[in-house]
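A.B. asks: Chains as they are written, first to last, in numbering that gives the first Met the number 0: chain V, 0 to 383; chain Z, 0 to 383.
Each hint should be verified, as a subset may be incorrect.
Because identical chains share one entry, a pair is satisfied inside a single copy or across any pair of copies.
Said to hold, decoys possible - Calculated lysine-lysine pairs in the DSSO-like style (CA-CA distance at most 30 Å, straight line): (1) K249 with K34; (2) K249 with K222; (3) K300 with K34; (4) K12 with K266; (5) K12 with K34; (6) K222 with K300; (7) K222 with K262.
FYI, nobody ran anything at the bench for these hints, they're computed from the structure.
There are 2 protein chains.
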Amino acid sequence: MREVAVIGIGMTKFGDRWESSLRDLAAEAGLLALKDAGVDHVDSIYVGNMAGGQFVGQEHLGSLVADYLGLTPVPATRIESACASGGIAFRQGFIEVASGLADLVLVIGVEKMTDVSADESTGILATAADQEYEALSGITFPGLYAMIATRHMHEYGTTIEQLSAVSVKNHRHASKNPNAQFPFPVTLEQVMQSAPVALPLRLLHCSPITDGAAAVVLCPADKARSYTPAPVKVIGSGQASDAIALHGRKHITTLAATVEAAKAAYKMAGIRPEDVDVAEVHDCFAIAEICITEDLGFVEKGKGGPAVADGLTDYGGKVVVNPSGGLKGKGHPVGATGVAQVCEIVEQLRGSAGERQVPNARIGLTQNMGGSGGSAVVHVFEVM
Amino acid sequence: MREVAVIGIGMTKFGDRWESSLRDLAAEAGLLALKDAGVDHVDSIYVGNMAGGQFVGQEHLGSLVADYLGLTPVPATRIESACASGGIAFRQGFIEVASGLADLVLVIGVEKMTDVSADESTGILATAADQEYEALSGITFPGLYAMIATRHMHEYGTTIEQLSAVSVKNHRHASKNPNAQFPFPVTLEQVMQSAPVALPLRLLHCSPITDGAAAVVLCPADKARSYTPAPVKVIGSGQASDAIALHGRKHITTLAATVEAAKAAYKMAGIRPEDVDVAEVHDCFAIAEICITEDLGFVEKGKGGPAVADGLTDYGGKVVVNPSGGLKGKGHPVGATGVAQVCEIVEQLRGSAGERQVPNARIGLTQNMGGSGGSAVVHVFEVM
């Protein structure tokens, strides 16, 4: 396998993008990434998108995006793995460059969610849960994650203050991110008094409905410096699956797919969790970030709550988690999220993250997952 | 890149499978392919599916299928490219084995289409057309292909008898395929007198709505004989995109994505069109097979109509096209089709196709496309 590097990144402003259609958003991010990489052609395109068919009546997104970017007849493939669609699209791009079949690959993640009502959107997102056993029974994702949170509190003594600390941290980070949907801080009190959604989860424990896109350009690592002075190498990639229904899992407080994906990524990268300086992880709900910091091995199992409350996952701590603001603060256009995570880590490793810069960041990690954790993908990046 | 071989195949009966859900169908085909390959584990899974979200309210199909097959935590990725979803899923499996990341890959194509009405199904399929310019204006695929047919008749003098000869040939082939949805012959008169759908296309010029799944197992070619005495090597793979809207194309009677995908596949395989003994192609409508036989280079542009009427694409002709019965006779569960094509070609190259056997078949080809041709993927196979 050839080594692979990221040579270009681009993302749109996340939020209510009523003026832009799905194809507009994809093209906007794609063109920014091509410009950043300094290339006007690619050999292959991957599009990460969860539910274009349901949100805007458009499947067949690979060719649509290739056409709208003026890049036909380049092969273009759409990847879907619920909210992990972007991260897994990135992995497919990585595999294609690694294989030698393509030299330049453009990966775009995109979702256009606000053309339907919030109610409809929640129903569409629920098609990432087990339709026959979960969704048909009426449960949607806030309820599924509320069960995980309740059990985590029971098993490990995690508190509502600790859950709320995730949101406070990520909103603070988002306040320094001009592309964030919610670029403002919130207080612990505001989080804990926000409207109940599925208790213990309240509105400010939940990531929003968002329009947006993000894109990256990949190439073989040994050619990367001919495109950019600051390439970032992909040193590890891992992906795994788990039962998509909560009742099919051994422990609902452990995200087994994340554990396995991280194990594979760490092994390929030849690093340990403590080597990671900065990480973008899938905080679709506050409890998710707590489980993930445990399941990635950043902290001991059950200690994710105290860790975030004590600042161990913030600037000055062990590892900075979600400097972009995460899904909570930056927004969560589901198919775009995994690619946007890569954009942030590349900024951090380039040293171009401005006010959000993690000092001396050398090794970065992304963790993106689908549904309540039924699929997960982890990538590790290093300064070249 | 490592060389890749197919070591196992399996497919379900195609048709109205009211007793089986999407996951049942995927598991049925997957287990048959694993059994055929003689393996009980794989390193990676790809699931080709166009519209599980719209047809049965289920996205996130990679993990669902991995779980239902008892194969978690294996990475599992869903690929969508409208009706080319299966063929492109196969290509992703090919790339992953070629890259060296995985040794054993299971590729499953699946679609469950009969849980909604035929009207709804037609609307769902139309989300593979350009939603903003085609589908919203009310046109669906029979209408799009009717325009292609009308123009082909105008430019090349193609006749309704020639179009109908495609259906007669493919139904005759299907009559020898126990997995076919329509295992019976039809006469030229029956085709030409069938109910009008979008003239010149009548009911028997159109592929049906179908439930079904197909699966294959891939491994590195140099390990293939340790699994099976009759591996089939993948010697060429090509994929391309085109404008998904007809009005965006230079010529609507040339499927440019198919031309480009074939060029890439022939180049990788080091063969010419005339070297192909047997081909499974995407006859979603009769006119499509005529265009495809031209665009693959089997016959001169414009001569596809006379070729099928004269038997050049039948047993005893230049190349046997759609010995399985094709989409018209075998059925067209859209996400499954591209993988089912591979199953048939493997049977033919193994020499195990029974009554459908093409004598002395050494080189086989599959051509699978999405929408009205906006995406296309071509693979070339050879007896090892």
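A.B. asks: Each hint should be assessed against the structure and marked as holding or not.
C.D. replies: Tested hints:
| no. | hint | result |
| --- | --- | --- |
| 1 | K249 with K34 | between (46 Å within a copy, 28 Å between copies) |
| 2 | K249 with K222 | neither (45 Å within a copy, 35 Å between copies) |
| 3 | K300 with K34 | neither (42 Å within a copy, 39 Å between copies) |
| 4 | K12 with K266 | neither (35 Å within a copy, 42 Å between copies) |
| 5 | K12 with K34 | within (17 Å within a copy, 49 Å between copies) |
| 6 | K222 with K300 | neither (41 Å within a copy, 41 Å between copies) |
| 7 | K222 with K262 | both (28 Å within a copy, 27 Å between copies) |
Of the numbered hints stated above, those contradicted by the structure are hints 2, 3, 4, 6, listed in ascending order.
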